[in-house]
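Keeping their order, the protein sequence lines are chains A and B. Going by the working numbering, the first residue of the first sequence is number 1, and it counts up by one from there. Going by the working numbering, the first residue of the second sequence is number 1, and it counts up by one from there.
Be aware that one or more of the hints could be misleading.
[Said to hold, decoys possible] Derived SDA-like pairs (lysine to any residue); straight-line CA-CA distance at most 20 angstroms: (1) B:K422 - A:K295; (2) B:K404 - A:D347; (3) A:K343 - B:K359; (4) A:K193 - B:E443; (5) B:K135 - B:A279; (6) A:K295 - A:H319.
[As the list claims (entries may be wrong)] Coverage of chain B stretches by chain A, computed from C-beta distances (three or more under 8 angstroms per stretch; other residues unrestricted): (7) 113-126; (8) 343-354; (9) 363-370; (10) 418-431; (11) 455-468.
No lab work stands behind these hints, which were simulated from the structure alone. For every residue, glycine included, the Cβ atom is placed at its ideal position computed from N, Cα and C.
Given next are the chains, with one letter for each unit.
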Amino acid sequence: MNNLKGIRAALSIAAAIAAITVASALVTSANAADHEVKQSQVDTPAPKDSGAESYAQHCAICHGDQREGNLPGFPPLLGISHRMPNDKVADLIHTGKGRMPGFPGVKDGELTSLLHFLNTDESAQTAAGVVGGGGVLSKAGAALFQQNCAFCHGRDAMGGETGPDLTQSKLVRKDRTGDEISKVIHEGRPDNKMPPFNFSEQETRSIIAFIREREAEAVAHPGGRRGVSVADLQTGNAAAGKRYFEGAGGCAKCHSPTGDLAGIASRHEGLELEERMLYPRDVKNHVTVTLPSGKKVSGILAYQDEFTVALRDADGLYHAWLTNRVQFKIDEPVEAHVELFPKYTDDDIHNLMAYLQTLR
Amino acid sequence: MKFVNDRLLLLLLGFAVGLCALANACAQDLEGAQLLHPPADSWPMYHGDYSGRRHVSFTQITPQNVGDLSLAWVYQTNQQAQIKSSPLLVNGVLYFTVPDNIWAVDARSGHMIWHYNRPSTKGDHIGQRGVAMYKGRLYFATPDCHLISLNAKDGKVRWDKLIADVDKGYWTTMAPLVVKEHVIVGVSGDFDNLTGYLRSFDPETGSVQWQWNATPPAGTPHATTGGMTWMTGTYDPELNLLYWGTGNPTPVLNGQPRPGDNLYTCSIVALNPDTGKLAWGFSVSPHDTHDWDAVETPVLVDGSFHGQPRKMLMQTSRNGYFFVLDRTNGKNLLTIPYGPVNWALGIDKEGHPIPNPAKEPAPDGRLIAPDEGGLTNYRAPSFDSKTGLFIVDAHPSWSIYFAKPADGAYGWAGADYGLWGKGVIEAIDYQTGKIRWSHQLGEGGSGAGVMTTASGLTVTGDAHGNMLILNTADGKTLWHAGLGSPIQSSPISYELDGRQYIVNSSGGLLFAWALPQNRTPGQKR
Chain A
1 MNNLKGIRAA
11 LSIAAAIAAI
21 TVASALVTSA
31 NAADHEVKQS
41 QVDTPAPKDS
51 GAESYAQHCA
61 ICHGDQREGN
71 LPGFPPLLGI
81 SHRMPNDKVA
91 DLIHTGKGRM
101 PGFPGVKDGE
111 LTSLLHFLNT
121 DESAQTAAGV
131 VGGGGVLSKA
141 GAALFQQNCA
151 FCHGRDAMGG
161 ETGPDLTQSK
171 LVRKDRTGDE
181 ISKVIHEGRP
191 DNKMPPFNFS
201 EQETRSIIAF
211 IREREAEAVA
221 HPGGRRGVSV
231 ADLQTGNAAA
241 GKRYFEGAGG
251 CAKCHSPTGD
261 LAGIASRHEG
271 LELEERMLYP
281 RDVKNHVTVT
291 LPSGKKVSGI
301 LAYQDEFTVA
311 LRDADGLYHA
321 WLTNRVQFKI
331 DEPVEAHVEL
341 FPKYTDDDIH
351 NLMAYLQTLR
Chain B
1 MKFVNDRLLL
11 LLLGFAVGLC
21 ALANACAQDL
31 EGAQLLHPPA
41 DSWPMYHGDY
51 SGRRHVSFTQ
61 ITPQNVGDLS
71 LAWVYQTNQQ
81 AQIKSSPLLV
91 NGVLYFTVPD
101 NIWAVDARSG
111 HMIWHYNRPS
121 TKGDHIGQRG
131 VAMYKGRLYF
141 ATPDCHLISL
151 NAKDGKVRWD
161 KLIADVDKGY
171 WTTMAPLVVK
181 EHVIVGVSGD
191 FDNLTGYLRS
201 FDPETGSVQW
211 QWNATPPAGT
221 PHATTGGMTW
231 MTGTYDPELN
241 LLYWGTGNPT
251 PVLNGQPRPG
261 DNLYTCSIVA
271 LNPDTGKLAW
281 GFSVSPHDTH
291 DWDAVETPVL
301 VDGSFHGQPR
311 KMLMQTSRNG
321 YFFVLDRTNG
331 KNLLTIPYGP
341 VNWALGIDKE
351 GHPIPNPAKE
361 PAPDGRLIAP
371 DEGGLTNYRA
381 PSFDSKTGLF
391 IVDAHPSWSI
401 YFAKPADGAY
411 GWAGADYGLW
421 GKGVIEAIDY
431 QTGKIRWSHQ
441 LGEGGSGAGV
451 MTTASGLTVT
461 GDAHGNMLIL
471 NTADGKTLWH
481 AGLGSPIQSS
491 PISYELDGRQ
501 YIVNSSGGLL
511 FAWALPQNRT
521 PGQKR
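Just chain A, same shape as in the assembly (with noise of 0.2 angstroms):
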């Protein structure tokens, strides 16, 4: 297999080389059967599969011959109508991209047929691999996804090393569009470290016909998987809970049962719950900088490293200082959660589970 695409990136090359020979042999030659190629487009349309030959003659060796695609170097070329209108496509076509020679001779009857051909079935495609057929879309995904995403996710998008499972994310259930995902995919999640993902339209749409599959195949089979559930998160004592979020714990330092934690429980669950209960990442830090003049600026604080400080003021406007410049103060109360760590057995986090699923 390994040598096959050795030999279709060399035949890629060498057909880039042909492409050019054949190309100006072919301007002079088809002058002449100019005519004769009308004349058969009127009298005799074109059989139904000649896009196809034309695909398999042109396009095959390097887009595969389902229109698969071989990433990442050779895009798929199923859903290329979703992409790009015909007349790019036919402009591709002739003038080639990148590594992707340019087939001038392709022109009139056949180039017809072969826009017809990468137009076709499609739709059928794509719906089978949303729906986990095993489509052709999310075989695609797949070995994108092997690449890029299973190390952090798992190869089964059921988690792995850091990323979570993507078959119970709540992102992953509440997008029907795709929309949210897509963005997440090429913008990543920085408090994360999630990177952000540089995929084609395509690309992220077989991704996430993949992570569709996962998603059904996981719900097809409840008991087999791996993952954390609401009722895996019900072994501690509330009541031990409460004598800890009042004393040892000192929790009560900074939250109120009927204040900020007030139906704490009615707003997250499960896994979630206990992880913004042991550190949430979201919480904003207030700074206050002392410029030279002696003058106070504070504000949100919104980026901070060795020489570095920055905040957002009241306006929502963003203020940056050079660290040996100004005195800061960052009054960060989730340094609390850090020095708890380890202060924490790890029944006191069950029963201090037990005791915030009480919040409701």
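Assemble chain B onto chain A, guided by the hints.
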């Protein structure tokens, strides 16, 4: 006479051309002697030399003049994958990689000489650590587990051999290590119950010379699988021993199907590089259930330990402990945490941490330090012999680990979630394990490795993408530059034309740093 003269001239000319070609060939080739004693104008293997110390003898860039350090050039790969490799430098040419790609770049100007691309769809594309070189040939491991030998001069493929079966769940990322007439390669693969191994290839023909298995074949009753060998090891030519770290056992988070210490997973092993026979092994995390590979650099140091001269091996391991071993026999000299750890009951007589059964992943979760990424990871540490400091990019962190019967006994077999972590450069006194100084890098942590120089500089990066140069004596920042994206590689340094360069990367960019040319001592304008 004229005829004779011409012929003589031609002959002489031919002879001279032949000589040049020969001399040139010698310079192009990287011979064993150069691997044993790397010249100043080279970085001929992943760690720079066989010791893994990543400490350079250069003194041109100093704490006093580092403020003038500036950019010599940047190379833009124009692609998305992050550079995680340490470049090699041989004969003025840098060779570096991302998965499926090698670049050969002029180390003086930063312009590309050739680029090799071999797209692969199979195997994890998580990273690529770099190539190995020997006698003018490069050795490159691909995500789909091929070992490819190429001509260093033009990137032409010589041969292509299989390291492992990608369809079983292996992949490869590591930079091979050349020891004498052996190209030694390791494997990755955590998502399946597979045997980890090292394989030695003939540099000329690519035929397999030996294979050392870290664990018994999959399916052996009550035995563990795993022990992936996914980082480059080190070598002691005097003892003729190869030192390598092995990865976690599988199933990863469920330890029940694999009772006992699970040798030789999460271990440091010493092998004979000619036969692959085990000389000794030391279990760093007996019966690991937290994915803490012990593949971090086994750094080789000769020096005094508590007054006695020793041939030592040091490792800051992913499990949170700093180890000092006698590398002649694998006997432990020191085991001590270098950050928060809460998973062990103590240290046994032989220096192994004793895993606490109550801290194995459980259905209702266990709070664990460090997190699964570990207190450090693939980013390289450095040993500075002058100060006796072992300097590491550490990651104090906390997480929760889960496992239940429904998770099964294959592959990951559980789930774990990082809660919080930060990055900090720690300078560890190797004789006591005491942290002499630390330098905060920011929340989350940094992927940058560490290099030290004889002039007293520590080169690394922070969590935000700043390249940092610290004073090795006290850890204070001397110089910095924002590189646009967090650093995921370990820096290197070399001297070319009398000018010292520091090369590192961020994102898809490779940076070369040097003192301004008119201020380089001994340089003419």
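Evaluation of the provided hints:
1. Straight-line distance between C-alpha atoms of K422 of chain B and K295 of chain A comes to about 32 angstroms, which puts the hinted pair past the 20 angstroms bound.
2. Note on K404 of chain B and D347 of chain A: the hinted pairing holds, with a Cα-Cα distance of about 18 angstroms set against a maximum of 20 angstroms.
3. With a CA separation close to 15 angstroms, the supplied pair K343 of chain A and K359 of chain B stays within the 20 angstroms bound.
4. Taken as a hint, the K193 of chain A and E443 of chain B pair is honoured in the structure, with Cα atoms around 11 angstroms apart against an allowance of 20 angstroms.
5. Taking the CA atoms of K135 of chain B and A279 of chain B, the gap is near 29 angstroms; set against the 20 angstroms cutoff, the hint is violated.
6. Between K295 of chain A and H319 of chain A, the direct Cα distance comes to roughly 14 angstroms. Compliance with the 20 angstroms bound is thereby established for this hinted pair.
7. With 10 residues bearing a CB less than 8 angstroms from a CB of chain A, the stretch 113-126 of chain B meets the requirement of three and the coverage assertion stands.
8. With 0 residues carrying a beta carbon less than 8 angstroms from a beta carbon of chain A, the stretch 343-354 of chain B misses the three-residue requirement, and the given coverage is violated.
9. As drawn, the stretch 363-370 of chain B meets chain A at 6 residues by the rule of a beta-carbon pair under 8 angstroms; at three or more, the given contact holds.
10. Proximity of the stretch 418-431 of chain B to chain A, defined as three or more residues with a beta carbon under 8 angstroms from a beta carbon of that chain, is established by the 3 residues found.
11. Figure legend: the stretch 455-468 of chain B, annotated as covered by chain A; annotation consistent (5 residues with Cβ-Cβ distances under 8 angstroms, at least 3 required).
Of the hints listed earlier, those the structure fails to meet are numbers 1, 5 and 8, in rising order.
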